[in-house]
Amino acid sequence: MIVAPENYVALSAVLFTIGVVGVIARRNPLIMLMSIELLFNAANLALVTYARAWVNNVGHIFAFLVITVAAAEAAIGLAIVAVAFRNLPHVDVDDAAVLKG
Amino acid sequence: MITFWILAVLLIASAVFVVTAKKPVYSVVGLLANFLALAATYLELQAEFLAVIQIVVYSGAILILFVFVIALLSSGVKPFEVGPDRAPRIAVPAILFGALVLAGIAATVVGANTAALRGAAGVTGDANAFGSVADFGAALFTTNLLPFEVTALLLMVAVVGVVLIAGDEGPAGIIRRRKRRPIEREPIVKRERAVR
Numbered sequence: 001m002i003v004a005p006e007n008y009v010a011l012s013a014v015l016f017t018i019g020v021v022g023v024i025a026r027r028n029p030l031i032m033l034m035s036i037e038l039l040f041n042a043a044n045l046a047l048v049t050y051a052r053a054w055v056n057n058v059g060h061i062f063a064f065l066v067i068t069v070a071a072a073e074a075a076i077g078l079a080i081v082a083v084a085f086r087n088l089p090h091v092d093v094d095d096a097a098v099l100k101g
Numbered sequence: 001m002i003t004f005w006i007l008a009v010l011l012i013a014s015a016v017f018v019v020t021a022k023k024p025v026y027s028v029v030g031l032l033a034n035f036l037a038l039a040a041t042y043l044e045l046q047a048e049f050l051a052v053i054q055i056v057v058y059s060g061a062i063l064i065l066f067v068f069v070i071a072l073l074s075s076g077v078k079p080f081e082v083g084p085d086r087a088p089r090i091a092v093p094a095i096l097f098g099a100l101v102l103a104g105i106a107a108t109v110v111g112a113n114t115a116a117l118r119g120a121a122g123v124t125g126d127a128n129a130f131g132s133v134a135d136f137g138a139a140l141f142t143t144n145l146l147p148f149e150v151t152a153l154l155l156m157v158a159v160v161g162v163v164l165i166a167g168d169e170g171p172a173g174i175i176r177r178r179k180r181r182p183i184e185r186e187p188i189v190k191r192e193r194a195v196r
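Those sequence lines, one after another, are chains A and B.
The numbering of the first sequence is this note's numbering, which starts it at 1 and goes up by one.
The numbering of the second sequence is this note's numbering, which starts it at 1 and goes up by one.
Keep in mind that the hints were calculated from the coordinates and are not lab data.
Each hint should be verified, as a subset may be incorrect.
What the hints assert, rightly or not - Dumping the calculated EDC-like pairs for lysine to aspartate or glutamate here, alpha-carbon to alpha-carbon at most 20 Å:
1) Lys22/B - Glu73/A
2) Lys22/B - Glu6/A
3) Lys23/B - Asp94/A
4) Lys23/B - Glu6/A
5) Lys22/B - Asp95/A
6) Lys23/B - Asp92/A
What the hints assert, rightly or not - One-sided excerpt, in silico: chain B residues whose CB lies under 8 Å from chain A:
7) Ile12
8) Val16
9) Leu32
10) Ala47
11) Val57
12) Ile62
13) Ile64
14) Ile90
15) Ala134
16) Phe136
17) Phe141
18) Leu145
All residues carry an ideal CB built from backbone N, CA and C; glycine is no exception.
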């Protein structure tokens, strides 16, 4: 029995919402970055679902590019986190309020 | 059908665990479960290559990067401190905003023209079927070659950026040098020699 694409899209929307709540509610930069990965994954799930629905693999290509962007984003984000929180008392984004070296 | 619901429950539960976990390490474990369940979902949707890439790139590379940074940040004298917990105060507005986002997505999707899943385009595992590695590769290296090349440029820029940010010439090195300056060990050594 084939599952309707609407189910997958709904699942993707729910995952995206959980990610958004994570980015807003958490103040730990590492967990915020992980929530951003959840957002990427939710978008990818929607892309793959529509690729399957329209039997067209451009959606797969785009999901592949999104994975690449997510990898670059994670690398740069984690580098910034590692540098920024070396000499701050807490690992908390609210502490990094000044743009001063 | 039953696979979808099992995977959906797994995906949502692990995502909620990622967001609510106390320590980042627990979040990483939740994220790993999420990625594996998502790879299985990709297989359900006949995206074999993406399922493998999901496991290799996400679970293999990105998560390890997260684990390394967590280890790096806790590598001092004591584990890094998380600031005061603001979650209880911000949880309600965040969930309200999340409901708003969900409503927006739902309104957009319901208005869109979703096609029913067309008949199986081929058995998963078939060499030239939809979503197979051959199909994906042919599409990636012919019609979509330019985006693929731009990806290479993007990754190079990311590597240069990371080296610039975290390397010795960037802010990380400046912080390290500034910390090193006040520690002057020279007089202590001299005094020890004088005692001898």
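Inset, instruction - Take a quick look at whether Lys22/B and Glu6/A sit within 20 Å of each other, Cα to Cα. - result: violated, 33 Å
Legend entry - Satisfaction of hint between Glu73/A and Lys22/B, Cα-Cα up to 20 Å: violated, 24 Å
Legend entry - Status of the hint placing Phe141/B at chain A (closest C-beta pair under 8 Å): Interface hint status for Phe141/B: violated (10 Å vs cutoff 8 Å).
Inset, instruction - Report holds or violated for the interface hint on Phe136/B, using the least CB-CB distance to chain A and a cut-off of 8 Å. - result: holds, 6 Å
Inset, instruction - May I ask you to test the interface hint for Leu32/B with respect to chain A, counting a Cβ-Cβ separation under 8 Å as satisfied? - result: violated, 11 Å
Inset, instruction - For the pair we were handed, Lys23/B and Asp94/A, check the Cα-Cα distance against 20 Å. - result: Holds - the C-alpha atoms of Asp94/A and Lys23/B are around 17 Å apart, at most 20 Å.
Legend entry - Leu145/B as chain A interface residue, shortest Cβ-Cβ below 8 Å: violated, 10 Å
Inset, instruction - With a cut-off of 20 Å on the C-alpha distance, tell me whether Lys22/B and Asp95/A pass. - result: Between Lys22/B and Asp95/A the Cα gap is close to 19 Å, so the pair holds against 20 Å.
Legend entry - Status of the Val57/B interface restraint (C-beta, 8 Å, chain A): holds, 6 Å
Inset, instruction - Report holds or violated for the interface hint on Ala47/B, using the least CB-CB distance to chain A and a cut-off of 8 Å. - result: holds, 5 Å
Inset, instruction - For the hint on Ile12/B, just tell me whether its beta-carbon gets within less than 8 Å of chain A. - result: Interface hint status for Ile12/B: holds (6 Å vs cutoff 8 Å).
Legend entry - Distance restraint between Lys23/B and Glu6/A, which requires alpha-carbon spacing of 20 Å or less: Answer violated: Lys23/B to Glu6/A is near 34 Å, above 20 Å.
In summary, the structure is inconsistent with hints 1, 2, 4, 9, 13, 15, 17 and 18 from the numbered list given earlier, while agreeing with the others.
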